[in-house]
Structure formats: C-alpha cells, structure tokens
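**Q** Here is how the chains run, residue by residue.
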Amino acid sequence: MKNILNIEIPDNLNGIGSLEPFQGAFTKLKKGWMEEKTVPPPNKAKMPHSSKLCKTLREAIEKTKPYSGMTVSFHHHLRGGDDIVVNSIRILAELGIKDITLASSSLTSAHDALLPFFKDGTITQVFSSGIRGELGKAIAQGVLPKPFVIHSHGGRVRCVHTGKIKIDLAIIAASAADEEGNATGTHGKSAFGSMGYATIDSWYAKQVVVVTDNIVDYPCVPQSITQNYIDYVVEVNSIGDPTKIAGGSTRITKAPMDLQIARLAANVIEKSGELKEGFSFQVGAGGASLAVAKYIRKIMKKTNTKGSFVLGGVTSVGVDMLNEGLFSSIFDVQSFDAEVSSSLMKNPYHIEIPAGVYANPFNCGCMTNKLDIVVLGALEIDTDFNVNVITGSEGYVRGASGGHSDTASGANLTVVVCPSFRGRIPIVKEKVHTIVTPGESIDVLVTERGICVNPNRPELKQNLIDGGIEVKDIHDLAKEVEGITGKAKPIETTDRIVGIVEYRDGTVIDVIRQVVE
Amino acid sequence: MVLKVKAQAGSFESSDILIMVEPVAKGTGRTIELKSIVMQQFGDDVLQQINRDLDHYNIDDIRIIVNDKGALPPTISARLETALKRSAQVQAGTLTK
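First to last, the protein sequences are chains A and B.
First residue of the first sequence: 1, per the numbering used here; consecutive thereafter.
First residue of the second sequence: 1001, per the numbering used here; consecutive thereafter.
With the rest of the complex left out, here is chain A (with noise of 0.2 Å):
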C-alpha cells in the first residue's frame, strides 16, 4: 500500500502489527476524535506512612519485578549528561532481563554505551524520538531483531495514551524529589529544568520509580511530578555528569553562513505579515534557527512589537526575550540551558507543561495549535519541501523527529532554515532519503542561496515580494545546487526494513531500511 507521498508502506511489519499509510497532515485529525481507545492507566494503593525509599537504583528495579519481554520507559531531559539509562539497562542485563522495548522520549550521544545491550538480545525494540552516534549507525545496519519506531514528541503521548507504547517500568531521573516521590527538574546541581516529557510515562506506567540525587525534605515544590503516580524512590550520587546536563546559556552560532541564513529568515518572517502584535513563537535551538531569534528581538524593539508567547524547547534566548518584556509567557516541555530551568523555577510567567499539551495531537488542542510562527532546521529537504530531520547522508539514524511535525502542521508560519549543502552534500535535492515532515506543512525554504515558497502559500509568495525578497523555484534552486556539488550516488540499502517513522496521528510517513555496508 502507498500512502499519499507515495512511499510503499506494508500492511503489516512483524514486530509491530499492522501499519496505517499517511494520508495528510490533518485527515484523521479533522473527524475530531480518535478511533483507537484510551488504555486505563494502572489502580494502585499504598498503606499511610509506609515508606517509597530504595537504598539504591538495583533494589527499586529488584522490587518491580522485572521480567524478559517488558518496556522500560526514560526521558531524556538530562540530554548529554545522562547517566540514568545506561545505568538502569545494565541492572536489568545483570539481572537475566532480556527482550527490553526501550521507549525513551529521546536518545542521545550520552546513550552509546547501550550498543552492547542492542547486540546481545537485552534490547530488541526502540520507540524513540531520535537516536543518534553509534545506536544510531547500528540500528540502520539492522542490530536489533524487531523495527524501531521513530515518533513526535506530541505522536509519543498518544502511542502512551493508546497502549502503543504500554510502560511497565517507568525510571524518572529528577534533579530533586521528596521521599514520596513529588519530583522537579528546576534546581539541585543536576538541574535540567522541565519535565514535560515525563509526565505521560508517570500517568501511565504500570511501576514508577524516580532517582534523584538530591532528596528534599518533603514536600518537593514545585510538583512537576506528582506522589500520587510514584511507586519508589531512590537517592544516587549522580544522575549524569551537571556539566553536560545544565552547560552555560546557549550560545548563538558564530558560523557567517548560519547567520547569514538567520538574518535572511528573519527578513522573510519581518515580511510575511504573521509578525504582528501578539504573536506566538518557537524556534529549535540548532545552528541557524536560534540565531533567528536574535534577529527577531531586534526586529520587535524596532518596530515596539510585542509577542504573546514562547512555545517548546526553550533556551536562554527565549528567557531574555521574556525578561525583556518581548513576550509575556513561556511556555516550556523542555528547557536547553541551566538559565532557562532557574527561570522556570523563579519566574510565574514561565510555565511548565507536559508533552501531551505541548503537542499532541488527540486531545482538546495543544499548544502547538496555537503557533504563529516556528523555525525549524533540516538535514535534507526535497522540492516537495517534505524534511528528513533523521538519516544523514549515509543512511544512519542521527537525528530526531522531536517536534518538528508537530509544530510545522500547527503553526501559521512554518520555517526551514537550513544551508543549500553542507561540504559537499546537496540538503535541497529532489527526494530526501526519509520524510519526516510532509512537505504541506513547511511554508517557506530558507538557504543562503535562495529563498521558496511552498506553492500552496501564494498570499505568502506575494507578501515577501511585496516586501522586496527575491523568491526562487525550489526546483531551480536544487539543479542550481546539483551543479555545485554533483550528483551524489544514492544510498544503499537492502529490501529489509529496521524501522519506521511514524507521523503525529500515528499513520506512517516513511520507513527506513537497512543501510548495506
């Protein structure tokens, strides 16, 4: 079967079940409900005064009673300085447990010392936003038995909420909590700042356990996670490494080609007309699309605009602009830099929230929805303007979808900015080697060598000429930049198919074979 961007999707993968073709950003969405059923999260109940508290991380794993064949379930707001999977995966590999779904909101480079478990049966499966470095090599090479399923991070909740992903283990790294288990992300030395991504896990897993190295007298304040949810605690004398965790503030690029492309998308949004007063804004926090923002705060003190709020993963940046009165809200499901998580700690205008209202897609309305304006950055796009934010040029896994589809199908103004190649490798071309955001809802392509507008935007297309910006065919602009680099020879791959990657409302978009080496 062929979904509607006419990539070949099988009925049914071992493994996973039955698949379900994409057929447009918002054609499940518009029925206004979803036919898949809520799973019941678990009942539980715990005598008054009996305590939580686990000596260490290997008891409170012990005392859930693990078993082969069960799901493991993580966040990844410790980013880099994570030391919490890897810990808890080695506990349950010396324990005998074998056949582990790993669902981690997110994996990063933090995670490579996983591989083993991949290669000896530990781990079998992964639901993950991203993965990257050497998991991310392995898993296109075809190291676990079952396929990877790549999701959103607003498309994660509802894989929870639907028994998609069913939690029997949730492990929660907090950066301090109370012995009943009321947990945060805002200080401590391991502060990381919000626990959006957690919040579902702890709702719905069957056991709960939080770590923390930092126990606070109870009560914890704030609840970012609540006692009601929470099987055990466990205090440890790290849960990563506080550099990598909570680094500086975020830096802007110096690189002259990202903000030369910044400046430029900047110019495109000055000239879109969606700048106007009380605007919504979000921008991802890699190379050029933070650097946007800079421009953006200038461009609002010129013209005394004011925003109405900041959405997402949220940086130092956005911070200053809160502070300065730019915006009057944040609105914050993951927090880059150690600024941000003290700002969300002190500031009642920086708000908390969980992915589920941050993006996804089948509740009452996430946030999402209500952008105006995001910028998004790319590793490849095609002249249908479809993005691949996950394989890299030689068909490894080495990014993550995060919220990129879930914040280019709601916002007003949907921004790629991204260079036209890098070293020699075209990033504008004519088929890109994974979609992960349909090409509907990408509205304007920004390069350091041209500017496009996606053919559905023509009010859009004529806004920026109005205003005095050459707009090129992307079609034009991707021969422009085949000549410049060549033709790159296709990537290889075999017929077997390691992963899939599924669209926010849970159709696949595209699947990911195995890289032939």
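Worth flagging that the hints you see were computed from the coordinates, not collected in a lab.
Every residue, glycine too, gets a C-beta built ideally from N, C-alpha and C.
Treat each hint with caution, since some may be false.
Stated by the list, open to error - What follows is a list of derived Cβ distance ranges for each label pair:
no. : chain 1 : residue 1 : chain 2 : residue 2 : range
1   : A       : Gly121    : B       : Tyr1057   : 43 to 49 Å
2   : B       : Thr1031   : A       : Gly121    : 43 to 49 Å
3   : A       : Glu492    : B       : Asp1060   : 32 to 38 Å
4   : B       : Ser1015   : A       : Thr56     : 24 to 30 Å
5   : B       : Arg1052   : A       : Asn12     : 45 to 51 Å
6   : A       : Gly96     : B       : Lys1035   : 55 to 61 Å
7   : B       : Leu1047   : A       : Lys37     : 29 to 35 Å
8   : A       : Gly325    : B       : Ile1065   : 57 to 63 Å
What the hints assert, rightly or not - With a cut-off of at most 20 Å between alpha-carbon atoms, the simulated SDA-like pairs for lysine to any residue come out as follows:
no. : chain 1 : residue 1 : chain 2 : residue 2
9   : A       : Lys301    : A       : Leu264
10  : A       : Lys302    : A       : Ala338
11  : A       : Lys487    : B       : Ser1077
12  : A       : Lys189    : A       : Lys294
13  : A       : Lys489    : B       : Leu1047
14  : A       : Lys487    : B       : Lys1035
15  : A       : Lys254    : B       : Glu1013
16  : A       : Lys254    : B       : Ser1015
17  : A       : Lys137    : B       : Ala1088
18  : A       : Lys487    : B       : Val1024
19  : B       : Lys1069   : A       : Ile491
20  : A       : Lys489    : B       : Gln1049
21  : A       : Lys489    : B       : Asp1044
22  : A       : Lys479    : B       : Lys1035
23  : A       : Lys489    : B       : Gln1040
24  : B       : Lys1004   : B       : Lys1035
25  : A       : Lys306    : A       : Ala338
26  : B       : Lys1069   : A       : Gly486
27  : A       : Lys294    : A       : Gln260
28  : B       : Lys1069   : A       : Lys2
29  : B       : Lys1069   : A       : Glu394
30  : A       : Lys489    : B       : Glu1013
31  : A       : Lys63     : A       : Lys31
32  : A       : Lys489    : B       : Met1039
33  : B       : Lys1069   : A       : Pro490
34  : A       : Lys461    : A       : Gly483
35  : B       : Lys1035   : A       : Ala338
36  : A       : Lys254    : B       : Ser1014
37  : B       : Lys1069   : A       : Val481
38  : A       : Lys2      : A       : Lys431
39  : B       : Lys1035   : B       : Ala1009
40  : A       : Lys487    : B       : Asp1045
With chain A held as given, fit chain B onto it using these hints.
**A** Chain B alone, transformed into the frame defined by chain A:
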C-alpha cells in the same frame, strides 16, 4: 609535467582536501589512495576528476594520497594543481581548458 620531489597542498579542514603527490619511476603507473568523508556519495567522482586532471597534465606515473573532507570540484582541481606544481618545482601558470 615532470614531477621531481614529494609535495602537498590543501588541509584537513572541513570542505577542503589534502593532496600529497610523489614522483615514481617511469612505467609504474598511477597509484591513487583516496580517503573521503563522502566516499559513498562522491568517491567515484573524486577519482574520475583526479584522473582527468592528471590526463590534462600528461602525468602517467605518480603516487597520490588524497584525504578529502568534502571538497567541491573546483577545490579538488586547485589543490591537485598546486601539489603537482610544487612537486615539479614550477609555480607559474594555471589549469587552462
């Protein structure tokens, strides 16, 4: 062009290419050792281009070690030309077609 000494041009920087050339005895032929971060996508193209340029300079006997960090074709030709001219100890002139 007659190669006289070992020579090199370029760098390990991203988007550049480091080319080392070495004269070998007549009749030995061309030995090209290519390493590239874009081997899968452009490895054949880089080899073809180097051979084409060597044809242009009438060089049949040479050992070349190439370490490509994703250089574009004009960079590759320029670095190769410089390495060859340093080896031949002639610095003047450019590649003309």
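**Q** All hints, please: hold or fail.
**A** These are the hints, each one checked on the structure:
In this structure the supplied range 43 to 49 Å is violated for A/Gly121 paired with B/Tyr1057, their Cβ-Cβ distance being about 57 Å. Look at B/Thr1031 against A/Gly121: about 45 Å separates their beta carbons, and that is inside 43 to 49 Å. Between A/Glu492 and B/Asp1060 the beta carbons are some 33 Å apart, a value that agrees with the proposed interval 32 to 38 Å. Checked against the hint of 24 to 30 Å, the pair B/Ser1015 and A/Thr56 fails, with Cβ atoms roughly 50 Å apart.
The beta-carbon spacing between B/Arg1052 and A/Asn12, approximately 50 Å, falls within the hinted interval of 45 to 51 Å. The beta-carbon spacing between A/Gly96 and B/Lys1035, approximately 44 Å, falls outside the hinted interval of 55 to 61 Å. The hinted range of 29 to 35 Å is not satisfied by B/Leu1047 and A/Lys37, whose Cβ atoms lie roughly 58 Å apart. At about 59 Å, the beta-carbon gap between A/Gly325 and B/Ile1065 stays in the expected band of 57 to 63 Å.
For the hint pairing A/Lys301 with A/Leu264, the CA-to-CA distance comes to about 18 Å; that is within 20 Å, so the pair holds. At roughly 29 Å between alpha-carbon atoms, A/Lys302 and A/Ala338 are farther apart than 20 Å, so this suggested pair is violated. Simply put, A/Lys487 and B/Ser1077 have alpha-carbon atoms about 18 Å apart, close enough for the 20 Å limit, and the pair holds. Proximity of A/Lys189 to A/Lys294 is assessed by CA-CA distance (about 29 Å); at most 20 Å being required, the pair is judged violated.
Using a Cα cut-off of 20 Å, the hinted pair A/Lys489 and B/Leu1047 holds, with the two alpha carbons roughly 14 Å apart. Restraint check: the Cα-Cα separation between A/Lys487 and B/Lys1035 comes to about 19 Å, which is no more than 20 Å; the hinted pair holds. Taken as a hint, the A/Lys254 and B/Glu1013 pair is honoured in the structure, with Cα atoms around 17 Å apart against an allowance of 20 Å. Only pairs whose Cα atoms come within 20 Å are accepted, and A/Lys254 paired with B/Ser1015 is accepted, the gap being roughly 18 Å.
For the hint linking A/Lys137 to B/Ala1088, the alpha-carbon distance of about 44 Å lies beyond 20 Å, and the restraint is violated. At most 20 Å may separate the alpha-carbon atoms for a hinted pair to count; A/Lys487 and B/Val1024 exceed this at roughly 33 Å. Straight-line distance between C-alpha atoms of B/Lys1069 and A/Ile491 comes to about 19 Å, which keeps the hinted pair within the 20 Å bound. Taking the CA atoms of A/Lys489 and B/Gln1049, the gap is near 16 Å; set against the 20 Å cutoff, the hint holds.
This hinted pair checks out: A/Lys489 and B/Asp1044 have alpha carbons roughly 9 Å apart, not beyond 20 Å. A C-alpha spacing of about 27 Å is found between A/Lys479 and B/Lys1035, which places the hinted pair above 20 Å, so the restraint is violated. Taking the CA atoms of A/Lys489 and B/Gln1040, the gap is near 7 Å; set against the 20 Å cutoff, the hint holds. Among the hinted pairs, B/Lys1004 with B/Lys1035 is inconsistent with the structure: their alpha-carbon atoms are about 24 Å apart, more than 20 Å.
Using a Cα cut-off of 20 Å, the hinted pair A/Lys306 and A/Ala338 is violated, with the two alpha carbons roughly 25 Å apart. Our distance criterion of 20 Å between C-alpha atoms is met by B/Lys1069 and A/Gly486, whose separation comes to about 15 Å. Pair hint A/Lys294 plus A/Gln260 holds up; C-alpha atoms about 12 Å apart against a cutoff of 20 Å. The suggested pairing of B/Lys1069 with A/Lys2 is violated, with an alpha-carbon distance near 38 Å, which exceeds 20 Å.
At most 20 Å may separate the alpha-carbon atoms for a hinted pair to count; B/Lys1069 and A/Glu394 meet this at roughly 15 Å. Between A/Lys489 and B/Glu1013, the direct Cα distance comes to roughly 23 Å. Violation of the 20 Å bound is thereby established for this hinted pair. With a CA separation close to 44 Å, the supplied pair A/Lys63 and A/Lys31 exceeds the 20 Å bound. As the CA atoms of A/Lys489 and B/Met1039 are separated by approximately 10 Å, the hinted pair is consistent with the 20 Å bound.
At most 20 Å may separate the alpha-carbon atoms for a hinted pair to count; B/Lys1069 and A/Pro490 meet this at roughly 19 Å. At roughly 26 Å between alpha-carbon atoms, A/Lys461 and A/Gly483 are farther apart than 20 Å, so this suggested pair is violated. For the given pair, B/Lys1035 sits about 41 Å from A/Ala338 by alpha-carbon distance, which is inconsistent with the 20 Å threshold. Restraint check for A/Lys254 and B/Ser1014: satisfied, since their Cα atoms lie roughly 16 Å apart, inside the 20 Å limit.
For the suggested pair B/Lys1069 and A/Val481, the alpha carbons sit about 18 Å apart, so the restraint of at most 20 Å is met. Among the hinted pairs, A/Lys2 with A/Lys431 is consistent with the structure: their alpha-carbon atoms are about 16 Å apart, no more than 20 Å. With a C-alpha separation of about 15 Å, the suggested pair B/Lys1035 and B/Ala1009 falls inside the 20 Å cut-off, and the hint holds. Restraint check for A/Lys487 and B/Asp1045: the C-alpha separation of about 9 Å stays at or below 20 Å, so the hint holds.
Going down the numbered hints, you'll see the structure goes against 1, 4, 6, 7, 10, 12, 17, 18, 22, 24, 25, 28, 30, 31, 34 and 35, while the others check out.
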